[in-house]
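**Student:** Protein chains in written order, with our numbering: chain A, 945 to 1411; chain B, 1003 to 1647; chain C, 752 to 1232; chain D, 63 to 166.
Read the hints as simulated data drawn from the structure, not as lab findings.
Everything numeric in this text was worked out from a predicted model, so none of it was measured.
Hints are not guaranteed to be accurate.
As the list claims (entries may be wrong) - Covered stretches of chain A (in silico footprint by chain C; criterion: 3 or more residues with CB under 8 angstroms from a CB of chain C, positions within the stretch not fixed):
hint, stretch
1, 1114-1127
2, 1210-1221
3, 1361-1375
What the hints assert, rightly or not - EDC-like, lysine to aspartate or glutamate: derived pairs with alpha carbons at most 16 angstroms apart:
hint, chain 1, residue 1, chain 2, residue 2
4, A, Lys1298, A, Asp1406
5, B, Lys1623, D, Asp157
6, A, Lys1298, C, Glu846
7, B, Lys1623, D, Asp160
8, A, Lys1090, D, Asp157
9, B, Lys1029, C, Asp1184
10, C, Lys1101, B, Glu1123
11, C, Lys842, A, Glu1367
12, D, Lys165, B, Glu1123
13, C, Lys842, A, Glu1288
Every residue, glycine too, gets a C-beta built ideally from N, C-alpha and C.
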Amino acid sequence: MDNVLLFRFEIIIAALILMLLVMSLRDFNTKVTAFLGTMNVLLLVNFLIGWLPMYTGSYFSGFFRTTDLIVFEKNILNLGILLISLTSYQWLKKSEHRLEFYFLMLSSIMGVFVMLSSGHILMLYLGVEMSTIPIAAMSNFNLDEKRSSEAGLKLILSSAFSTGIMLFGISLLYGAVGNLSFDSVIANLHPDMLTLFAFTFILAGFAFKMSIVPFHLWTADVYEGSPIAVTNFLSVISKGSVVFVFLTILYQLFGGLKDEWLYAISILSILSMTVGNLFALRQQNAKRFLAFSSIAQVGFVLVGVAGASVMGSTSVVYFILIYLLSNIAAFGVIGAMADSTGSESLQSFKGLYKSNPFYALFMVVALFSLAGVPPVAGFFGKLFLLTAGMNSKLYVLLGFAGVNLVLSLYNYLRVVKYMFIDEAVTTVPPLQRNRQLTIALVTCTIGLLIIGFIPAIYQYIDQICRM
Amino acid sequence: MNSYELSSLLIVALPLMSFAFLVLLSKQLKPRVAGIIGTLTLATTAILTFYVAAGYFFGFGMENGAYVHHIALQFQWLKFSDNLSIDLGIVLDPISVALLIVITVVSTMVHLYSLNYMHGEEYFARYYAYLSLFTFSMLGLVMAVNIFQMYIFWELVGVSSFLLIGFYFTKPSAIAAAKKAFIVTRFADLGFLIGILILSHGAKTLDFFVMIQRLTQAGSPYLAHFTATSFLGLSTLSWALLLVFAGGAGKSAMFPLHIWLPDAMEGPTPVSALIHAATMVVAGVYLVARLFPIFAISAPDALLIIAYIGAFTALFAAVIACTQTDIKRVLAYSTISQIAYMMFALGVSGWGEGQTEGFTASIFHLFTHAFFKALLFLGAGAIIHAINSNEMKDMGGLRKALPITHITFLVACLSISGIPPFSGFFSKEAILSAASHSNMLVYYVGLFTSGLTAFYMFRLYFRIFWYKPVQDHHNHEKHTWAMNSALLVLVLGAAFAGLIPFGSFVSATGSPIILPFNPSFSVVPVSFGLIGIFLAYFFFSKESDRADKTVAYFGGFYRAAYHKFYIDEIYLFITKKVIFNLIGRPAAWFDRTVVNGILINGTAVVTEAGSEAIKPMQSGKVQSYAMFFLGGVLLLVALLFIQFM
Amino acid sequence: MIVAKKELLIKSIALAGSSLQLVISVIITVLYVQLRQTGTTDQFLFQSSYVWFAPLKIYFSSGIDGISLAMILMTALVVLAGVLVSWKINKQVKEFFFLLIVLSLSAYGFFITTNLFVMFFFLELAVIPKFLLIGMWGSGRKEYSSMKLALMLMAGSALVFLGMIGLFYASGMQSWDIQDIAKLNIPIATQRVLYLLLFTGFGVFTAMFPFHTWAPDGHSSAPTAASMFLAGISMKLGAYGCLRVATYLLPGAAQELSWIFIILASIAIIYGAFATMMQKDLKYMNAYSSVSHVGFIILGIAMLTKVAITGAVMQMVSHGIMTALFFAAIGMIYDRAHTRQANELGGMLKQIPFIGTAFIISGLTSLGLPGFSGFVSEMTVFVGSWERAGIFYRGATILAAASIVVTAVYILRAIGFAIWGNITNKEFLKLKDATWSERTATVLLVVGILIIGLAPFLFVHLINLDTTTIYQKLISNVLVH
Amino acid sequence: MEQVPLSHILILSSALFFLGIYGFFSRRNMITMLMSIELILNSANINFIAFNKYLFPHQLEGVFFTMFIIVVAAAEVSLSIAIIINLYRRFNTIDIEDTTTMKY
C-alpha cells in the first residue's frame, strides 16, 4: 500500500486528466469562470498535497524510484503549473480550447514526473517523450495562426530528430552495458569508445531539451510562435525538469565519465551564455528576448553543474526554483501586456512605470532576479552557481561567466530602461487586472524578494541533495 | 606659562579671533565698527609685541652672553610616525621677535590707514577680515617651531594674499593677478614641499631646532648620510636646501619667479604696503635665515648660489624699475630689488667668526626696509587716492597739494637711497660692507644697484612732486587723520630705525656682534646714491626732453627693460602654448577618444558586431538547425575524445 | 495640495531618518572610543553574527574598527547633506528618496560587515540605485551615462566576486570572514591572481585609471545628491575594498605587485589633473578632479607604509566630504543659473554670496589649503610615500606632489570664471541665494571639513590602531610557495 | 548454419542512421523528413535487437525497448502528421522552406 503512495503525484495528475476527459464529454468547460476556477483550485490542492510527508523508495524493480529531492522537484514543478494556469487566466478565458490546454499541460507534466522518478533508461525515454509530444501540440495551439503552427512543426520535427539521435545513443549504451537500469549502468560503465559515443548522443539529446548552444536553435522560434502560456510552460517546466534529470544523469549515471564530460560541459556552458546573451542583445520581441535570456540562464546553470559536487546540484536546484518564479512573473506581465495591447514588442514597455507602476514593479523584480541583482533572489542563485563552479577550478569558465554577468545585465537593464527611463512612444493604457494574475505575480515577487533571506530553503535543498 | 608666553600666544590668537569675528558678523556689523575692531585688535597685538620684545631682548632671551631660542608653546598637531610629526608652537628668538615687531607695527598702521582709504567700499568688513587673517598667518609663519608649521602658514599667507589681491573680484585684471600670484608661488611651494620631504627623511625630524642641531654638528650620522650622496656636484643636502629656497624665492619674488609681484599691485594699495612690501615678500628671506646654520655650515655652495641669484635679481629689478611709469609698479620692482639685497646679504654671509655680519645686515635691512617701503606705498596710496590714477603722466607738482605726503615720501626716498642719517643708509652700508668682505663681484653689483635705486626713486619723487604741475585737478589733500597719522608714525621708523644697534640684538649665532661702521667705506656708496639723485634731478626736476633723448639713445635696451625683458611673455608662452596645448588638451582628448572611446565604447561596438556576426545561425530553417545539432554532436565527440585520449 | 503634503511628509521622513543615522553613528563613535580607552584591542568591536547560508559558511557578521567607523561617519554626513540638498526635488519624490536611502544602507552594510559575501552583496546593491537615480532624475546624456556606469561597475564587481570566491576556496571553503582569512597564509601564486582581480575590481569602483570613464559622464548627468553619493561614498566603497580586502588579506602579492597600481595612481593623479584643466563644465571638472584625488588614495594604499595608509584613509574621508560639498555647490548654482559652463557663469559671489563662498571653500579644500581636510590627508600621503625609498617610489611621489600646482590652476580658473568676475548674464540678477536646507547641508559639510582639517590628531587617533594592524600584517607576512 | 556477424548488422544500422540524417537534411517535403526520422529510429531498433540477440541473449530488454520505441514513434508521427495537415489546410504548403517566418 505504501508503495502505491509512491505514485502520489502521478496518481493525482492522472485523476485530473481523467476528470478532464469526463468534463469534455459533459461539456462542462463552457461555464468558463467556474471551470477555470475549479482547475486553479484543483492545481492548488495538488500543489499542497505534494507537501504531505511521504515515503521514498523504488518500485517496479527499480524502474520507478522517488527520493526527497525528487519530491521537492516535483513540488516546485507543481507550483509552476499552478502559477502558469493563474497567469494565463485572461488568455484561457478568451480561447475556446481551454480544456484541451489543461489536458495537454497535465499530460506533459505527467511525462515530466515519470521522467523525474525514472530508475531505468526506458522510463526515462518514455518520460521525455511523454513530456515533449503534448508540448508540441500545445505550441500549435492557435491553429489558425501561422507562427503557432510553424512553432509546433519546428518543435516536433527537431525534437523527433534529437530523440532519434538520443535513441541511437541509448542503443549503443545498451550494447555497452547490457542492462539499462540505472544501477547496472552505473555498475558496468567504463570509459571505452562505444560508451563515449553512446554518452555523446544521449548528452546531445538532453542538451537539445535544455536548449544548450549549439542545440538551442529551435528555442527562439518555438517560444516566439507559441501562445504565451505555452512559452511560459516550455521555458519553466520542461526546461527545469530536464535540468533536474540532467543532474541525475550526469552525476549518477555517467558519474564515471566525469573527467571526460567536465570540459565538454564547460565549453557548452561558455557557448550558451555567450551566444544567448549576444542574441538577446538585438531582440525586440519580448518572448524571443526571454527565449535567449533563458538560453543564457542555462549556460549559468551549467557553470554550477560543472562544479560536479553536492554544492553544484544544490545550487542548481536552488537556482531553478528562483528562475521558475522570475520567468513566470516576467511572462505574466508580458501576457497582461499582450492581452490588453496585443503587442509583444519590448518597445511597448516604454514608459510603463508611468502608466502602470503596478506591472512595472513586478517586471523589474523579475528582470533583476534574472540579471542577478541584489537583493532579489536571482543574485544568490547566480552567485552560488559561480561559487559551485569554482570547485573544479575551471578559471576560464568563470572568467566567461563574469563577462556574461555584465552582458546579461545590459540586456535586462535595457528593458528596465524602457520601463523607467524612456518616455512612452504610444501611451500604454492602464492594463486590466484580474485577481488570478495578481495573485500569481504577487506570489512570484514575494518569493523572489524573500527566498534569499530565508536560509532554511537553501539549507533544506542542501540536505536533501546530500542524501 | 608666564606672562610673556601668554602674551606671545595672544599675539597670534587675537588676529585670528578678529578674523573669525568679522567673517561671521560681516553682515551685521556697521563697516566703520568692523574697521575699528580690526584696528584695535592689531594695536593690542602691537603693544603686546613690544612687551614681549622688551622681555626677550632685555630679559629672558639672553643666556650666558648669547640670545637663545625660547619655545613659548609647542604641541603635537599631527603625528606621522614616531619621529616625524607636525607640531604647532611659538618660538621666540631674535629674528622672530624682530619680524614680530615689523609685522604688527606695519599691519597696525595699514589697518589704521585703511579706515580712510577703503572708506565706503562694499565688503569693508570682509577686507578687514582678510587683513586679520593675513596678519595671523604671517605671525604664525614667523613663530613656527616646525618646518611643516611654517609650510602650513606659508600656504595660508599665500591664500590670504590671493584673497586680498583679488579683493576687487569683479575686475578681470585683479582676478588674473590673484591667480598669477597664487599659482606662481604654489609652483615654488612645490619645491619647498619636496625639500621638506627630503630634509625630513634625512634628518628624521621636522622640528627646526632639532634639524639644525642634527645637520650642523660635525660627524652627526644624519649629516654624513646626507652629504654622502650627491647629484650634479651638489650634495643631497644642498639640493634639499635649494628646493626649500625655491619656495622662498617664490614668495620673495626672486628671479625668475618674480613675475607675480608687479601684477599683485592690482590689490588695494594698503594691501600692497602690508603684504607686497613689508611682510609676506620677506618670508623667503626669513626662511633662509631660519635655516641659516645649515646653509652656512653644511651647504655653503647652496648659499653661494643664493648670493648670485640675489645679486642678479637686485640689478635686474632695479633696471626695470627705472623704466616703469606706473608708480606702484616702480615701487614693486624696487621691492624686488631690495629683497634681493637681503637675499644676497645672507648669501655672502658665512658662519665663522666675523663672517656673520651679512646675516645681521640682511635682517637689519629687512627691518628698515619694511618701514620706508610701507611708507612709500602708503604715500603712493595717498597720491592715487587724491588723483585717482597711478600713471606718472597724470602727476607732477603735487608738493603743494599734498604737503604731508610730500615730506614723508621724500624721507622714505632718501632712506631707500641710503643717504645718511636715514635708516636705509645703515642697513645698506652693513650689507655692502659684508659683501665687500666676502665677494667683490656681488659687492660691485650691489653698489651699482644702490646708485640705480637712488636714481629711480628720485625719478619717481621729482616726477610726482615737481616736474610740470598738472592743472585741472581737484588736488586738495583728501586724506584725513587716519591716513596722516599712519604716515607720520611710519616716517619715524623710516628715519630713525637705523639708529638701533641692531647687531647687538640679532646675529646668526645669537651672541651680539658690532656692525662695522667706518665713514671711509661709506663714501663710495653714498656718492653713488648722490649721483643717482643728481641724475634724477637733471632729468625730471622740470619738464624737458632730456629724458626722451637719453631713452632714444638707449633704444632697444630701454624697450626691453620697459617690457620687463619679456619674462611675462615667456611664461605666457610656456603656460598657454606648452602646458595647455601640449599637455592639457592632449590629455583631455586622450581621455575622451582613446580611454573612453576605444577601451569602453569599443567594447560595446565589438559586442554589437559579434551579435550581428552570429545572426545567420538562427536562420529559421529546421534543417540547418539540425545541421548545427549534428555539428554540436561532432564537437562533443571531439571534446570527449580529446579528454579520453 | 494633497500631493504637496505627501511629498513634504516623505521628505521629512527621509530627513529624520538621515539625521538619525548621523546621531547614531556619532553615538557609536563615542562608545567605540570609550571602549578603546578601556584598552580593548580586538580588531573589530561590536561584533555580531547571524547565520545566513550555513552550508556556504555565509554569516551576516558585522564588526566595526576605526577605519570603518570613519567611513560610517563620513557616509552619515554626506547622506544627510544629500537629503537636504535634494529638498527641491518634485518629480517622483517617493522613489527618489527611497533610492537614496537604499544607497546609504548599502554603504553602511558594506562598511560594517566582516563577511566577504555580505560585503559583496552590499557592494552590488549600490549599483542599480545609481543607475536609476541617474536615469530617472538625471540630465544630459543620462541613458548613456547611467548604462555605462552600471555596466562598468558590474564588471568591476564581477572581478571582485571572482576574487572573493578565490579567497573562499583558499580558506578551504571554511569561511568568508575577513578575520579568519587574515589568519591564513595563502600561497603566493594564488595571492597574485586574487590581488590583481580584487584590486582591479575595487579599482573600477574607485574610478582608478583607466577604468574611470564612468565617473565623468556619470557625475555630469546625475542629479546633485546622486553625484554627492557617487563621488562621496561609492568611490570610497572601492577604496575601502582595495585596502581592507585586496591589500590586507593578500600582503604577499601586495608587496610584489603594488607597483602596478602605484603607476596607475600616479598617472591618474597627474593626468586627471591635466584633463581637469581643460574642462569647461563644472561637474566634469569636479569629476575629473575626483579621479585625480582618489589617485592619492590608491597611491597611499599601494605604497604600503603605515603613514601612507593612514593618509589614504584620511583622504577617503576628506575627499568624501569635500567632493560632496563641491557637487552640492555646483548643483545649487546649476539649479539657479541652469548652466554649468564656467565661462557662461560669473559674478556668482556678488549675486549669491553664500553659494559662491561654499564653492570657494570646497575649491580651496581640494587644492589642499591648510586648515581644511584636503591638506592634512594629502600631506600624510606624501610623507608616507616618501618613506618608501627607491627612485621609482620617490618619482611617483614627486609626480603626485606636482599635481598640487595643476590643481591650483584649475580650481582658481574655475573660481575666477564662475564665482568672481562681473555678472555677464542679466538673467543672473534674479538669482536667489541658498535656501535653509541648502545652507544647513553646506554648513554640515564645512564643519566636517574643518574638524578634520583643524584637528587631524583626533582622526589619526581614531584609526591609528587599525592602520597599525594592517601594516603589521603587511610586514609580518611569510611567503608560501 | 553460421550466423551473420554482429559487425555486419551494426554497419547496416549505422548506414541506416546516416541515411536517415541525410534524408532529414536534404528533403524539403515534411512527410519525407518524417520518414527519414523513422529511418533513424529504426537504426536504433536494429541495434537494440542485435545487441540483445548477440550479446545478452538471456534477457529481452532490447526487444522490449524496441517495442516501446515503435509505439512512441507512432504517437510522435501521428502528432507531426496532424500538425502538417493543419499547416497544409490553413496555408496549403508542406514545404519546409515555407516555415521560416520566424528567424534571427
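**Student:** Would you list, in rising numerical order, the hints stated earlier that this structure does not obey?
**Tutor:** 1, 2, 4, 12 and 13
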